[in-house]
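All chains should be modelled from the sequences, with the hints used to inform the complete structure.
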Amino acid sequence: MKDKPITEFVLLGALMSGPMHGYEILRFLDADLGPAWRVSTSQLYALLKRLESSGVVTSTMEFQDTRPSKRVFSLNRYGKEMFLDWLQKPSPYVRDLRTEFLAKLFFFRKLSLEGSLALVKDQIQVLESVRERLITSRKEEKDPYKKMVFGFKTATLSGWLDWLKKEAVPFAKGIVQGSALSSE
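Add 349 to a position in the sequence shown, counting from 1, and you land on the number used in this note's numbering.
Read the hints as simulated data drawn from the structure, not as lab findings. Note that the structure is a prediction, hence the values are computed from the model and not measured. There may be inaccurate statements among the hints.
In silico BS3-like links for lysine-lysine, alpha-carbon gap of 27 angstroms or less [said to hold, decoys possible]:
(1) K353 / K470
(2) K353 / K419
(3) K470 / K502
(4) K515 / K502
(5) K438 / K353
(6) K470 / K459
(7) K514 / K459
(8) K459 / K429
(9) K459 / K515
What follows is a list of derived Cβ distance ranges for each label pair [what the hints assert, rightly or not]:
(10) Q392 / G464: 27 to 33 angstroms
(11) L510 / K438: 17 to 23 angstroms
(12) G500 / S366: 41 to 47 angstroms
(13) T485 / Y394: 42 to 48 angstroms
(14) S391 / S507: 34 to 40 angstroms
C-beta atoms are modelled at their ideal positions from N, C-alpha and C, and glycine is treated no differently.
Here is the structure:
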């Protein structure tokens with residue numbers, strides 16, 4: 350599963366809201382995930398075809414009298430399980446935080462799912478562990494250039510950790526409170 354591109358999980362997340370044809374998925378992504386995510390039309394259809402071939406989504410043709418037919422994609426049980434499993438796990442790579450982690454927070458909120466605060470806390474643990482390894486590596490490094498690179502990576506991680514604690518934790522708490530309020 351980890352070899353699947355993050356974009357495939359984003360498409361599965363879009364289909365968690367219900368069956369959609371390609372243009373509806375593009376509109377959904379542009380309108381709701383626009384600041385953090387971009388998928389081209391050709392990329393979308395190639396990924397949908399791959400998801401269908403792998404048995405994660407199904408499609409049916411919807412015929413219309415005055416307009417061209419459209420293929421409507423639906424998430425099956427396997428696709429839903431795969432998406433929910435991905436959603437619960439912190440991003441293992443710092444380079445994926447900007448896309449993957451933000452998409453996960455988006456879907457927790459959009460789909461009113463529980464677990465966002467646990468995800469944020471798990472992500473903090475992952476990054477703190479990576480930061481500690483970088484600090485140790487920097488202390489042991491003799492080469493000035495490599496030492497500087499470790500310092501850069503450590504500062505970047507510190508920035509992410511600061512953002513997680515100041516922005517993502519309150520956001521996730523708001524999702525939890527919002528779902529509690531909507532269930533009353």
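Any hints from earlier that this structure breaks? Give me their numbers in increasing order, please.
No numbers; nothing is violated.
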